[in-house]
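K.L.:
Starting from the structure of chain Z, add chain H where the hints point.
Chains Z and H are the protein sequences, given in the same order.
The first sequence begins at 1 in our numbering and counts up one residue at a time.
The second sequence begins at 1 in our numbering and counts up one residue at a time.
Simulated from the structure, these hints should not be mistaken for lab results.
Hints are not guaranteed to be accurate.
Calculated lysine to aspartate or glutamate pairs in the EDC-like style (CA-CA distance at most 20 Å, straight line) [unchecked claim]:
1) Z/K264 / H/D197
2) Z/K264 / H/E57
3) H/K300 / Z/E195
4) H/K264 / Z/E140
5) Z/K223 / H/D222
6) H/K300 / Z/E140
7) H/K264 / Z/D339
8) H/K85 / Z/E195
9) H/K264 / Z/E306
10) H/K223 / Z/E140
11) H/K300 / Z/D48
12) Z/K223 / H/E306
13) Z/K264 / H/D222
14) H/K132 / H/E57
Protein chains: 2
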Amino acid sequence: MNSFTRDVIRLASQRSVSARNDGVEECSVLVEKMLVEIGAETKVLRRDGAAPLVYGELKSTRSKKTILFYNHYDVQPEEPLDLWKSPPFKPEVRDGKLYGRGVADDKGELVSRLKTVESYLKTVGEAPCNVKFCFEGEEETGSVHLHHYIEDNPELFKSDAVVWEFGTVDATGRPTVTLGVKGMIYLELVLRSLEADAHSSYAAVLPSAPWRMVRLLNMLKDKDERILVPGWYDAVEALSEEEVRVLDEQPFDEVSFRRIHGAKDYVSQMTPSQVKKALVQRPTGNIAGIWSGYQGPGSKTVLPKEVHCKMDFRLVPEQDPAELLEKLRRYLAANGFGDVEIILESMEPAARTPYTDPFAQAAIRAAETTYGQKPRVDISSPGTGPLYLFTRRYKVPSVDIGVSSEESAIHAPNENLGIENLRMGMLWVGETMELFAAS
Amino acid sequence: MNSFTRDVIRLASQRSVSARNDGVEECSVLVEKMLVEIGAETKVLRRDGAAPLVYGELKSTRSKKTILFYNHYDVQPEEPLDLWKSPPFKPEVRDGKLYGRGVADDKGELVSRLKTVESYLKTVGEAPCNVKFCFEGEEETGSVHLHHYIEDNPELFKSDAVVWEFGTVDATGRPTVTLGVKGMIYLELVLRSLEADAHSSYAAVLPSAPWRMVRLLNMLKDKDERILVPGWYDAVEALSEEEVRVLDEQPFDEVSFRRIHGAKDYVSQMTPSQVKKALVQRPTGNIAGIWSGYQGPGSKTVLPKEVHCKMDFRLVPEQDPAELLEKLRRYLAANGFGDVEIILESMEPAARTPYTDPFAQAAIRAAETTYGQKPRVDISSPGTGPLYLFTRRYKVPSVDIGVSSEESAIHAPNENLGIENLRMGMLWVGETMELFAAS
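In isolation and in its complexed conformation, chain Z is listed as follows (with noise of 0.2 Å):
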């Protein structure tokens, strides 16, 4: 076993369950130490009720450059348990891949930057450029301590680029690089209309708050899932010609993509080009959850008091999630549902690198270099991260560049990294920080 594997092993078997607090104290101390180990100076940042953001650094001669490597060491939960053939945290080498919780998601990816980085000072001495590594503990519980981090210690995060947490190899070996996230507001409706349950004989005259929720519902968008709230559309920019271009060129098997999601056709009966723009440029409105009233078998007659409905809206370049919240509610005062409660869980803009920008290109042209094939290139992620905290504040570009694939079974039993596609992975992260500190 290569000495990489043995890491991603070792981090791997430290829990580090955000969700429920397990091990990520633990999971910090040990990341802090294989930061020392590489001979990075190290800072443990630390917020009360936060996970501690492990930072560390290492200066290079070679270049005035920076290049920060944002990845975080906490996983999802492990369940359910009885799907793992084997214990999620003790990982294991089964046919050229590691199966553990967090092997790719995001540990095998850390650990792959951090032994590239190694590399260089074990051989070159130092690393191309300056090198700046923000490892946080919270990124499946929605990084909700990071800003104030950087908002604490702006110089300790500046850097000239970054390269972000994840990114794939499909199954012919092909990588793929990410040129950015969606942004998201994720709330949660609620309407009430009774002050507790009521027979469901007084529906012929009490209000129904589900039957309120539906009529809001139906007014936020309409048979083709456009967003019917005004404005909503306003700072969406059309996609460039050379955008455009990119996502032709893009393979997409669209038979095995609605196989595996088990879907017949798409919203609005879309082509598969269309398919493949909506993911990049398409805001959505998603009912993420829906509850009121009786769920149980048989049946129970009850008009129910209050109806809960979760939504998350992911957003593109240029929307303003504060903006867009605030047209939400004047939309829905303005329709009569002024009494709506709306909770706040999330908010966070979308985040994107041009195709053109320099190091979005050092990234290709090392893929092509390494790979010996043009990547695949994703004007954006139809998912969402705190991206736009790096890439707003210092004005930056970023790169989603990574070793999971498509079959990583990412938050999934039987997580897995291909043992491969972590070699090939090394290489092309430092041909990208050499062609980075070269441009």
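P.N.:
For chain H alone, kept in the frame of chain Z given last:
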């Protein structure tokens, strides 16, 4: 504590939640025991998969007429548990009221009939007329087997008049005679769009079951909660002049009605007079429960694979449930929802006895004698029961008279029964039997 209160406590201490078949068998044994104790001849009718129906009979030489008392010994689920001030199945007396699941609906009423007949046996030696008791154990799940029991034993349930399940006494001590019930269709709608919950970032392209449910439900009713299924109101008859007069005479403390339920206003800003008519003659379409996706704390970004909605539709004479269900199916299919699964839980037509019927008048005059005041007369309960099985087959009248109050919190936490109401209700039942036997 008096003996009839002790008997209600005895019966309500036995769980009998038919929705999850919890204690129903045990409760049927207890009910038969209580019938035997007063000297009734009993039969326990059984069918596969059905709750036992406990039948009791007592002959009288005082009249050839037979009165049938219908009650049920099963109860609604007790959830939500945390809102109960005392354990739901350990009935407790506080301030002249008995608290516990089922004390009002319907175990208090059941005991009031039983103990009234027992009083006659212990004093006069026999009841004013022949008596039959029909105590079923699955009223709260829609009385789905009652019609089988009746079809299989048509002679057993023959009578000249039926005293139905329940009745309320208002805050001023005025009793209510109710002359019918609404019908009902209870069903669950299920929409499925994916094979498994997906990451909500894919909401940009993959279909959402909950959004489709919003559109489906929005199509079922307009904003005044009028049902939009074509033909839904075709068979609905206007109230007669006499019914309108009786309704107009009814007191209705609409302020306290709204206060009890904590409702700010009525559906479509109805006037109090419209509310009274709607409770009698307005068909309803109620969302009794809806659920999909994530319902826990904080945020989970999931695109749910399916959504469920439980609905009850209350019907008035002469709406035919089977016909309406077919209209609903056709309407949904014609509007793009042919794939919705409709799980039918129960179906029953309305039943109503004319105000001028002699048995109705006997119950009204008995109330005047017992309470010293004119009773409230409800042309129909807003609720539902399988009354039609008796009144239609045997062409006999029925009345609802009873001992609950408007504050009994039926189907809700802290269900309760006033002990003085229980005592008076027993006198009223006796007087009704006397007048009926003499008529």
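K.L.:
Each hint needs a verdict: does it hold in this structure or not?
P.N.:
Hint check:
1. With a C-alpha separation of about 15 Å, the suggested pair Z/K264 and H/D197 falls inside the 20 Å cut-off, and the hint holds.
2. A C-alpha spacing of about 60 Å is found between Z/K264 and H/E57, which places the hinted pair above 20 Å, so the restraint is violated.
3. Straight-line distance between C-alpha atoms of H/K300 and Z/E195 comes to about 28 Å, which puts the hinted pair past the 20 Å bound.
4. Pair hint H/K264 plus Z/E140 does not hold up; C-alpha atoms about 42 Å apart against a cutoff of 20 Å.
5. The straight-line distance between the Cα atoms of Z/K223 and H/D222 is roughly 17 Å, inside the 20 Å bound, and the hint therefore holds.
6. For a cut-off of 20 Å, the pair hint linking H/K300 to Z/E140 stands: about 10 Å separates their Cα positions.
7. Taking the CA atoms of H/K264 and Z/D339, the gap is near 12 Å; set against the 20 Å cutoff, the hint holds.
8. Using a Cα cut-off of 20 Å, the hinted pair H/K85 and Z/E195 holds, with the two alpha carbons roughly 16 Å apart.
9. Distance restraint check for H/K264 and Z/E306: the Cα-Cα separation of roughly 14 Å lies within the 20 Å cut-off, and the hinted pair is therefore satisfied.
10. The straight-line distance between the Cα atoms of H/K223 and Z/E140 is roughly 41 Å, outside the 20 Å bound, and the hint therefore fails.
11. Only pairs whose Cα atoms come within 20 Å are accepted, and H/K300 paired with Z/D48 is rejected, the gap being roughly 24 Å.
12. Our distance criterion of 20 Å between C-alpha atoms is met by Z/K223 and H/E306, whose separation comes to about 18 Å.
13. In summary, the hint linking Z/K264 to H/D222 is not supported, as the alpha carbons are separated by about 30 Å, beyond the 20 Å threshold.
14. Proximity of H/K132 to H/E57 is assessed by CA-CA distance (about 5 Å); at most 20 Å being required, the pair is judged to hold.
Going down the numbered hints, you'll see the structure goes against 2, 3, 4, 10, 11 and 13, while the others check out.
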